[in-house]
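Per UniProt numbering, the very first residue in the sequence shown carries number 1; after that it's consecutive.
Be aware that one or more of the hints could be misleading.
[Said to hold, decoys possible] No more than 30 Å apart at the CA atoms, straight line, and that leaves these computed lysine-lysine pairs for DSSO-like:
id: 1; residue 1: Lys486; residue 2: Lys142
id: 2; residue 1: Lys302; residue 2: Lys332
id: 3; residue 1: Lys265; residue 2: Lys236
id: 4; residue 1: Lys284; residue 2: Lys236
id: 5; residue 1: Lys398; residue 2: Lys413
id: 6; residue 1: Lys398; residue 2: Lys487
id: 7; residue 1: Lys28; residue 2: Lys487
id: 8; residue 1: Lys309; residue 2: Lys258
id: 9; residue 1: Lys5; residue 2: Lys333
id: 10; residue 1: Lys296; residue 2: Lys284
id: 11; residue 1: Lys247; residue 2: Lys305
id: 12; residue 1: Lys265; residue 2: Lys247
id: 13; residue 1: Lys71; residue 2: Lys398
id: 14; residue 1: Lys436; residue 2: Lys447
id: 15; residue 1: Lys5; residue 2: Lys398
id: 16; residue 1: Lys332; residue 2: Lys447
id: 17; residue 1: Lys296; residue 2: Lys309
id: 18; residue 1: Lys142; residue 2: Lys71
id: 19; residue 1: Lys28; residue 2: Lys145
id: 20; residue 1: Lys302; residue 2: Lys313
id: 21; residue 1: Lys328; residue 2: Lys284
Calculated from the structure, these hints are not laboratory results.
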Amino acid sequence: MNEFKIEKIVQLMNNLSNTRNISLVGCKDHGKSMLLDRLNSYARIQILKTRLEQRYMASRNDEKHHSRTLKSASIPLYYQLDEENIPQDSNGNEFLINCIDTPGHIGCDSEVTTALKVSDGAVILTDFLTEEMYQIPKETIKQTKKIINQVLLERTKPFLMINKVDRAISELRMEPEEIYQQFFRVIKSMNNIISSCEDESMADIEINPLAGNVLFGSAFGGWSFTLNQFAERYSKKWNKPKEKILKRLWGDNFFDPKRNKWVKKRENKEGEILERGFCLLIMKPICILYNEVYNKERNYEKINKILSKIGVKLTNEESLAENRYLIKTIMKKFLPITDSFFRMIISHLPSPKVSQQLKVRNLYEADENNECIQAIANCDPEGPLMIHVCKMIPSYEKNRYYAFGRVYSGTIKEGQKVYVMPQYAISSSKNTFVTKIEKIVLMIDNKFKQVSHSVCGNIIGFIIVDNYLIQENYTITTHKNAPPLKKNNYNLSTMEKIQINSQKKN
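Using the sequences plus the hints, can you model the full thing?
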């Protein structure tokens with residue numbers, strides 16, 4: 001595994017068609033940081049030094065102590081897509097995915113809002129194990145609904161990952177049909193929240209496995225899949241159209257082996273229970289594999305036969321590992337989480353050039369025919385520089401802070417003259433001051449890597465000469481009469497009003 005090279009990311013930053021901006025959101029302990037750690041290790045930004053789980057994104061002492069994210073952290077990830085799956089509007093097969101990990105516990109709402117403000121999409125992670133099974137507090141369920149509403153409020157395209165599926169198999173010993181029914185309930189619940197969105201332009205969005213925006217798997221185990229992946233596998237195996245197979249993998253599609261055909265009813269004419277396509281072709285093989293590995297009397301002949309069918313090869317050392325390491329190794333080779341995640345995002349999340357046409361409505365208070373607004377909508381690198389400062393991040397220098405935000409139009413360069421505009425300072429020269437860009441950085445694994453410039457569509461940090469004057473929600477621009485960008489929409493308030501009455505009248 002090679003060391004990370006900043007030059008490669010700088011090169012990819014200039015390719016707007018192949019850039020994606022995504023946030024990982026969800027309640028605490030649902031696996032956001034674990035997922036990003038898996039993606040991070042693949043992207044060659046860090047090297048796995050031990051067999052133990054290492055949390056790359058927990059860089060602060062308090063995060064390491066609590067084993068969870070307390071502040072949002074951005075990291076650019078690299079992925080090379082196979083030629084046959086490259087989207088039509090892409091420029092080559094190398095992609096840059098700017099990914100932001102967010103805290104999920106109550107009290108860090110502003111961190112989530114900041115991440116969504118600069119993102120075009122959001123992967124909502126949810127725990128497969130429901131409140132009925134482990135009695136998750138109602139506050140957690142309520143927080144999940146607030147997060148989804150915030151995703152829609154920021155006009156961010158939602159994706160769903162149902163995490164910790166491995167525990168349903170290895171701990172709860174659930175049958176494939178039970179697992180499917182739980183998947184169905186989780187997805188239905190998400191769509192009910194989305195359909196209640198008041199914004200008509202976002203209300204038609206649907207979480208649907210057949211549409212390719214749902215990921216099933218285990219961040220801890222390092223594996224996941226989409227329906228499209230299995231449709232491709234069986235299409236090559238059976239030499240049948242992928243689209244025809246895909247529609248059999250979800251919903252009420254049951255296979256009748258006696259008549260060798262697909263039917264819509266679960267019982268055949270003889271009253272026999274038929275297997276659902278999703279269970280027969282996806283979950284059943286995975287469950288059988290788990291059961292064989294966790295069997296006290298491990299049958300290597302059966303395991304090797306299964307591995308031969310799914311195309312997984314193990315070394316002698318790997319095959320002799322204990323159960324949890326063996327199944328993790330097999331599943332990571334069979335259904336690597338990096339492939340399914342990156343392919344889902346690249347294929348179904350638009351580039352900044354497309355997504356900003358929708359997101360621009362949330363960014364301004366001015367006339368849409370304004371030159372700066374049009375440059376944002378077109379994600380024009382030659383247009384006026386427009387940056388929204390979402391938050392301030394402490395640097396390694398004493399009393400210095402990096403302004404963190406997204407370049408919506410134009411190109412930011414070192415030494416560039418810019419206007420710093422406080423929120424709602426339209427046509428108010430006394431509140432706007434002129435300064436220069438002193439330093440530009442990328443946030444990589446909670447470290448700062450200096451770069452000379454960045455085109456629009458990217459997430460960056462920077463320092464200006466008079467850095468002590470800049471604050472959150474400020475607008476940085478090269479256009480003297482540019483309208484300021486709107487402030488963050490904090491819609492995740494966790495405040496509650498409680499009335500306390502004294503028992504004594506006095």
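Comparing the hints with the structure gives:
1. Lys486 to Lys142: holds (27 Å)
2. Lys302 to Lys332: OK: Lys302 and Lys332 at ~19 Å, within 30 Å.
3. Lys265 to Lys236: holds (27 Å)
4. Lys284 to Lys236: Holds - the C-alpha atoms of Lys236 and Lys284 are around 20 Å apart, at most 30 Å.
5. Lys398 to Lys413: This hinted pair holds, its Cα atoms lying about 24 Å apart.
6. Lys398 to Lys487: holds (28 Å)
7. Lys28 to Lys487: Given that 30 Å is the threshold and the Cα spacing comes to 26 Å, the pair holds.
8. Lys309 to Lys258: Roughly 24 Å separates the two Cα atoms, so the pair holds.
9. Lys5 to Lys333: holds (26 Å)
10. Lys296 to Lys284: holds (20 Å)
11. Lys247 to Lys305: holds (28 Å)
12. Lys265 to Lys247: holds (15 Å)
13. Lys71 to Lys398: Judged against 30 Å, a Cα distance of about 20 Å means the pair holds.
14. Lys436 to Lys447: Distance of about 23 Å is within 30 Å: holds.
15. Lys5 to Lys398: The given pair, whose Cα atoms are some 27 Å apart, holds under the 30 Å limit.
16. Lys332 to Lys447: holds (28 Å)
17. Lys296 to Lys309: holds (23 Å)
18. Lys142 to Lys71: The given pair, whose Cα atoms are some 21 Å apart, holds under the 30 Å limit.
19. Lys28 to Lys145: Holds, because 14 Å separates the two Cα atoms, which is no more than 30 Å.
20. Lys302 to Lys313: Measuring from Cα to Cα gives roughly 14 Å; hence the hint holds.
21. Lys328 to Lys284: With a Cα-Cα distance of about 17 Å, the restraint between Lys328 and Lys284 holds, given a limit of 30 Å.
Of the numbered hints stated above, none is contradicted by the structure.
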